[in-house]
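Enquirer: What follows is each chain in one-letter form.
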Amino acid sequence: MFQPALVVALAALTATASAAGPIGNADPYPSTYHAIASTPVLLRHATVLTGTGERLDDSDLLMSDGRIVALGKDLEAPANATVIDATGKWVTPGIIDVHSHLGVYSSPGVDAHSDGNEMSSPVTPNVWAEHAIWPQDPGFEAALAGGVTSMQILPGSGNLIGGRGVTVKNVPSVTYQAMKFPGAPWGLKMACGENPKRVYGGKGGSPMTRMGNVAGYRAAFIEAQSYMRDWDKYMAGQAKAGSGEGKKKKKSDAKEAEDAPTRDLGKETLMGAMKGDIRVHIHCYRADEMAIMLDLAKEFGFKVAAFHHGVEAYKIADRLAAEGVCGALWADWWGFKMEALDGIQENIALVDRPVNGCAIVHSDSSEGIQRLNQEAAKVMAQSRRIGLDASPEHAIRWLTANPAKALGIESQTGTLEAGKMADVVVWNGTPFSVYAHAEKVFVDGALLYDRNDKARQPKSDFMLGLGVSP
Amino acid sequence: MKRILFALALVAGTAQAQDVLIRHATVHTAGSRGTLKNADVLVQGGIIRAVGANLAVPAGMRVFEAGGKPLTPGLFAGLSGIGLEEVSAESSTVDSSLGMGGKGPPQMRPEFDVTLAYNPASMIVPVARLGGLTFAGLSANSTDGGSLIAGQGGVVRLDGDPSAAMIGPRLLFINLGSGADGYSGGSRAGQYMLLDQAFREARGLTPYASPNALLTPAGRETMARYLAGGRIVCDVDRAADIRQLLEFSRKNGLHPIITGGAEAWKVAAQLKAANATVFIHPLQDLPSGFDQLGSRLDNAALLAKAGVRVGFLSPDATHNSRKIRQGAGNAVANGLPWEAGLAAITRVPAEALGVGDKVGRIEVGLNADLVLWDGDPLEVSTLATSVWMHGKAMPMRSRQTELLDRYLKAPGPLPRAYSE
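One line per chain: the protein sequences are A and B, in this order.
Using this note's numbering, read the first sequence as starting at 1 and increasing by one per residue.
Using this note's numbering, read the second sequence as starting at 1001 and increasing by one per residue.
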């Protein structure tokens, strides 16, 4: 069952994953994440939802060295393994939330913690959410208790182009770099509709209308195209010189720096999106606006990874599936603004319905992220009612494999397959219930949360000292 | 007058639409009889007439076979803006808050009554009903230039009936703690100062023409009614503030209902001693602010264990108010007895808000506002399959189901706008 070859292949992929950082440079804010040391763990007799669409009854799962080693019956326990009888328990991949603002809109929600929207200009691809993450947000621990092992932290939706999002592993840490998911591509957050035009139009600025919104995206990408041409030309020249063509004398380093286009953080990000190194995540509610954004993506040659919130995604579910765009959606929120008026409880079910449909249950909320399993359960009930596939082995994909795909980390996590990161949740029963509890949460094979062991329940620095007085 | 009553009774008696015998249900009464397996509920004239096993079928009575499914009283939608707003972000559709604007001296308008703005035809009403919600406490709120005394609300039944929507007494809403700092000069201490001043005015201790008066003559009359024994609802989270409120209430002879209560578990004994009802947010476990540092998921369980009556609020006051059921389920998953979880969204709110003799339980003499479920009513994957209000089967349709019907089908030759 053990597949060392696959492990090596995955490790290699991590090392070479595109950085989309400054031209020619690695990420200047690199991940310092290291899996917490662990000994092998063998879960026995569990009901396993693999995230690949399979359900394994009475199955064992072995993890070792931070990776899934094997699934199946009667696995042999390595000598130093902790063996856990998981009879009656359900085991799933760690839950992944593609849309979180933990750390950038931290609890407590005081003014000083409002770090998610750089609303000084509607186009701010130069800002990075990761530079605002407060790792002491108690919401991280609460999300871990809900089985969330990875998440994308995004800028808010006040801007047309809000900045870069970052994918993190949900491990308690003093620095965000030590949470940063190794090798995960960045996200680019964009927003349709009401929010940007309310923020800027309300101040008498631009955008004031949806027309202004689209003009704003286009202007930004046109500038970035020009920037990309300059860099491509420069890099081609470098390659030519480097290859020694014509035996010309190599330029001095100083001259080289002089010839290089001036770096621009914002355009660098948009260029990364157009080159496919940065995943584009768009906050967009209405079906007609999603269609416009798909055209915008074609106009500038980028791909939309997912539409977030998309309460009307069900109206264009076939097109989203055909174009390989995920819908990152809520189970039931609706009506809080005009563009959310047509929300229906079957939205996720209908986005999931077509062949290649990619439905994701997301939170956008420090409360919702703790109970994504319950959100999925609500969707399953609606799916069943209208005769669509609502099996647990299928539905778990909305919380694991599909968000992993949207984030570009599907080769690493999101399913329980030999060689992948051992991001694993042991539930007290079916996870799709209001009574479900994540009992044990493993991140890269390390037990980081145990509902029955206080010593394995992390607590943010912020939560210390509250119960000191008698 | 007598003749009119008689006529009405006659109408009720012959109104077939309001007569039904629901048979073989698992009846969760939310009352003293607890859960009755394989029980029947007889409804005549919109009122529950009998609850028990093997009830006789009156001649001509419509029979609904429940097949053992759970039947509950219609659920509480929380303290809500249902019917007071359509789209939260569109101020032209929102009527739940009073903002008097301007900078002048503070003024309080307890006479503000949001129930006058209630729209029974709101598109949110059928959506809420499909979630099994049949009554809501309309709450008054303040915006810029408003006051910590937000105004009055009351309970409505969500049957869309314009004439009979309002039931029960008016409620006075008061906001305390850091959320109301803006109405009290930036300090929560100022809240008691202002309340004390307003109470004095209402008691006639301050001449009408005195400078800095907070209340209008109508406001004084309104406040005086509540001081004489009306229902006051105070929103407060921090344990110290709850203690302060209880002490302030004791001095003033008030018995407030407490909402929010994030740290109520810390003062459970005092709340029990004051015989208070506390409406909490059962999903609140994060320190959302410095008033909520002690938030925890077993708040409801701890309060109930101490003998405090616990009701629930919905995480969303209006559009997604159906999420209140999920909150109740989570409280149960965190230690609250199941029956108390159901009571917290049925009997407890009905009694606390003064409508316990009409709704909130399945008991003889109460309105037949009933919901049949396809599973455990507190489970998220359970759906309401039938809703009766006043004994009348409600259409299981809303704007949302009509959108679904339109987009569920494969597209035809004509645009979907031509579908029903």
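Among the hints, a few may not be true.
[Claimed, not checked] Only pairs whose alpha carbons sit at most 30 Å apart, straight line, appear in this in silico BS3-like list of lysine-lysine:
#1 B/Lys1305 <-> B/Lys1358
#2 B/Lys1266 <-> B/Lys1069
#3 A/Lys454 <-> B/Lys1392
#4 A/Lys203 <-> A/Lys337
#5 B/Lys1305 <-> B/Lys1392
#6 A/Lys240 <-> A/Lys203
#7 B/Lys1069 <-> A/Lys459
#8 B/Lys1409 <-> A/Lys459
#9 A/Lys303 <-> B/Lys1409
#10 B/Lys1266 <-> A/Lys454
#11 B/Lys1358 <-> A/Lys337
#12 A/Lys233 <-> A/Lys303
#13 A/Lys233 <-> A/Lys275
#14 A/Lys233 <-> A/Lys298
#15 A/Lys275 <-> A/Lys298
#16 A/Lys337 <-> A/Lys275
#17 B/Lys1409 <-> B/Lys1037
#18 B/Lys1251 <-> B/Lys1272
Hints are computed from structural coordinates only; laboratory data are not their basis.
Owing to the predicted nature of the structure, the values given are computational and were not obtained by experimental measurement.
Enquirer: Does the structure keep lysine 337 of chain A and lysine 275 of chain A at a Cα separation of 30 Å or less?
Expert: Violated: lysine 337 of chain A and lysine 275 of chain A sit about 34 Å apart, past 30 Å.
Enquirer: Are the Cα atoms of lysine 233 of chain A and lysine 303 of chain A separated by 30 Å or less?
Expert: Satisfied, since the Cα-Cα distance of roughly 23 Å is no more than 30 Å.
Enquirer: Regarding the pair lysine 203 of chain A and lysine 337 of chain A, is the alpha-carbon distance no greater than 30 Å?
Expert: Given pair lysine 203 of chain A, lysine 337 of chain A holds - Cα atoms ~19 Å apart, limit 30 Å.
Enquirer: Keeping to a limit of 30 Å between CA atoms, is the pair of lysine 1251 of chain B and lysine 1272 of chain B held or broken?
Expert: holds (17 Å)
Enquirer: Starting from lysine 240 of chain A, check that the Cα of lysine 203 of chain A is at most 30 Å away, please.
Expert: violated (50 Å)
Enquirer: Does lysine 1358 of chain B lie within 30 Å of lysine 1305 of chain B when you go C-alpha to C-alpha?
Expert: holds (27 Å)
Enquirer: Does lysine 459 of chain A sit within 30 Å of lysine 1409 of chain B, going by the straight-line distance between their CA atoms?
Expert: Violated: lysine 1409 of chain B and lysine 459 of chain A sit about 49 Å apart, past 30 Å.
Enquirer: For the pair supplied as a hint, lysine 1358 of chain B and lysine 337 of chain A, is the alpha-carbon distance within the 30 Å limit?
Expert: violated (34 Å)
Enquirer: Take a quick look at whether lysine 1266 of chain B and lysine 454 of chain A sit within 30 Å of each other, Cα to Cα.
Expert: holds (21 Å)
Enquirer: Does the alpha-carbon distance linking lysine 1069 of chain B and lysine 459 of chain A stay inside the 30 Å limit?
Expert: violated (43 Å)
Enquirer: For a C-alpha distance cap of 30 Å, please report whether lysine 454 of chain A and lysine 1392 of chain B respect it.
Expert: Status violated; Cα separation ~52 Å.
Enquirer: Would the hint linking lysine 303 of chain A and lysine 1409 of chain B be met if the CA-CA limit is 30 Å?
Expert: holds (29 Å)
Hint violations for this structure: numbers 2, 3, 5, 6, 7, 8, 11, 16, 17, all remaining hints satisfied.
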